[in-house]
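A.B. asks: Taken in order, these protein sequences are the chains called X and S.
The working numbering applies: residue 54 is where the first sequence begins, and numbers increase by one.
The working numbering applies: residue 54 is where the second sequence begins, and numbers increase by one.
The set of hints was computed from the structure by calculation and includes no laboratory data.
All the pointers check out, no bait thrown in.
If several chains are the same, the list does not tell them apart, and a pair holds so long as it fits within one copy or across any two.
Dumping the calculated DMTMM-like pairs for lysine to aspartate or glutamate here, alpha-carbon to alpha-carbon at most 25 Å:
#1 K206 to D171
#2 K100 to D119
#3 K164 to E75
#4 K121 to E69
#5 K206 to E69
#6 K96 to D119
#7 K83 to E69
#8 K206 to E73
#9 K305 to D230
#10 K206 to D184
#11 K206 to D177
#12 K168 to D108
#13 K121 to D108
#14 K206 to D179
#15 K206 to E85
#16 K277 to D177
#17 K83 to D204
#18 K244 to D263
2 protein chains.
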Amino acid sequence: MKQQLSIVKIGGNVIENQVELEQFLLNFSKLEGLKILVHGGGKLATKLAGQLGIDSQMSNGRRITDAKSLEVITMVYGGLTNKNIVSKLQALGTNALGLSGADGNSIQAHKRPVKDIDFGFVGDIDGINADFLNSVLSTGITPVFCAISHDGKGQLLNTNADTIASEIAIGMSPIFDSTLYYCFEKKGVLKDVEDENSVIQHINTETYSDLLQQKVIADGMLPKMENCFHALNNHVSKVCIGDISMLQPNTKLFTTITL
Amino acid sequence: MKQQLSIVKIGGNVIENQVELEQFLLNFSKLEGLKILVHGGGKLATKLAGQLGIDSQMSNGRRITDAKSLEVITMVYGGLTNKNIVSKLQALGTNALGLSGADGNSIQAHKRPVKDIDFGFVGDIDGINADFLNSVLSTGITPVFCAISHDGKGQLLNTNADTIASEIAIGMSPIFDSTLYYCFEKKGVLKDVEDENSVIQHINTETYSDLLQQKVIADGMLPKMENCFHALNNHVSKVCIGDISMLQPNTKLFTTITL
Chain X
54 MKQQLSIVKI
64 GGNVIENQVE
74 LEQFLLNFSK
84 LEGLKILVHG
94 GGKLATKLAG
104 QLGIDSQMSN
114 GRRITDAKSL
124 EVITMVYGGL
134 TNKNIVSKLQ
144 ALGTNALGLS
154 GADGNSIQAH
164 KRPVKDIDFG
174 FVGDIDGINA
184 DFLNSVLSTG
194 ITPVFCAISH
204 DGKGQLLNTN
214 ADTIASEIAI
224 GMSPIFDSTL
234 YYCFEKKGVL
244 KDVEDENSVI
254 QHINTETYSD
264 LLQQKVIADG
274 MLPKMENCFH
284 ALNNHVSKVC
294 IGDISMLQPN
304 TKLFTTITL
Chain S
54 MKQQLSIVKI
64 GGNVIENQVE
74 LEQFLLNFSK
84 LEGLKILVHG
94 GGKLATKLAG
104 QLGIDSQMSN
114 GRRITDAKSL
124 EVITMVYGGL
134 TNKNIVSKLQ
144 ALGTNALGLS
154 GADGNSIQAH
164 KRPVKDIDFG
174 FVGDIDGINA
184 DFLNSVLSTG
194 ITPVFCAISH
204 DGKGQLLNTN
214 ADTIASEIAI
224 GMSPIFDSTL
234 YYCFEKKGVL
244 KDVEDENSVI
254 QHINTETYSD
264 LLQQKVIADG
274 MLPKMENCFH
284 ALNNHVSKVC
294 IGDISMLQPN
304 TKLFTTITL
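Model the full structure from these sequences, guided by the hints.
C.D. replies: So, in structure tokens, the structure goes:
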């Protein structure tokens with residue numbers, strides 16, 4: 054039987070709330086077994102860019118990562134957020150190791166080709182260095198990823214944190230029984246967006262198809278769910294979506310997704 | 054016989070010159086055997102602090118690291134500089150791993166006690182995690198340190214890069230035959246500061262004492278030399294001081310320091 058591995062992604066809204074972040078890190082540090090953390094960046098990068106007079110360029114509602122924006126992202130995600138999370142985890146007794154995809158060549162990617170839109174320095178993932186991550190985990194160390202990959206030619210690339218988490222879960226599943234956790238500000242996938250407690254506790258391929266038809270799953274939840282099923286279709290055992298209490302042993306209110 | 058390990062520190066003036074940095078990284082990537090890189094920060098942090106309206110407070114010519122300055126340092130040293138060096142080394146075929154002292158609990162320190170001056174979030178090193186660094190090196194990976202340590206209680210600390218390099222060299226010397234390289238903008242320790250080529254090729258305890266009396270070694274070179282002899286007095290085999298060409302196999306003009 055394969056050893057269990059938890060891959061936990063926390064979103065920007067959790068990171069920016071100091072109380073939520075501290076509670077999340079406490080829960081994460083208590084989570085038993087091997088684990089990997091992936092953090093998003095949140096609005097800190099946008100705020101810093103604003104202070105530096107760097108326009109966050111958008112195209113059809115999607116952010117463009119130009120050279121200056123990439124510098125800001127590298128400073129905020131790779132530096133400030135990542136190192137602070139690592140030092141806080143150390144204080145909680147979790148021996149953490151902060152990583153970008155360049156470190157240990159852990160996430161290989163290529164710059165997204167220009168089609169209709171030039172997204173700039175955005176990376177689409179080619180592969181995960183499972184051997185490296187396995188060797189880190191085997192020494193009792195917990196990898197903590199920021200949402201940056203690299204192209205192997207000296208270029209760092211901004212990469213979606215949800216995608217990094219699912220690709221790590223997929224890349225590690227030949228070796229581990231991987232569970233992917235998406236931790237965000239809501240208790241799970243909601244039946245009614247107006248009702249915070251209307252959590253759908255279990256979704257599978259069949260019920261997902263119904264939820265799509267009923268338009269219960271829409272907008273920002275759509276790419277997240279696509280990431281989930283992409284992971285499940287590639288040997289990840291289970292995906293869970295919920296708020297920071299999801300990692301506590303007695304919490305029952307969150308969404309579990311299986312095939 | 055112990056295996057050889059090179060600990061190389063590059064200064065801020067090299068980092069800020071893109072051409073020098075690229076040449077240095079090429080030389081470093083070609084350096085044979087196990088190696089560790091430590092980089093300073095340079096003026097980028099001061100520049101960013103200025104752009105953000107953060108005053109770099111000084112006391113008797115020495116920088117005070119307040120909370121805002123520490124954030125800037127964490128962004129610039131731990132994020133921008135460190136991740137860019139790592140990605141460039143990957144492109145040169147060196148499998149690099151960027152680290153602060155919090156990562157893998159690799160550099161333990163305490164906040165400098167307040168005596169005459171409160172230096173703020175500045176760390177004095179207590180120890181190096183030699184087991185962790187040894188396990189990283191044994192998998193063919195090259196650690197790349199920024200000048201940040203941590204106190205194990207969740208606090209990152211700004212720490213002098215020269216000191217980090219010498220403490221790593223000392224901490225690794227029970228396991229390795231360590232050589233410490235200080236790479237900066239000059240060809241070595243100069244007999245005459247006006248003459249760039251007046252390099253003193255060999256210094257030992259005896260000649261050092263003479264050089265001190267003759268006041269050949271003064272100002273900024275004094276703490277650097279103290280770091281060198283501190284390392285040599287603690288089982289580091291050899292210290293070399295020179296410019297980026299020092300790492301090339303045929304370069305003869307640099308300073309070698311032994312006991």
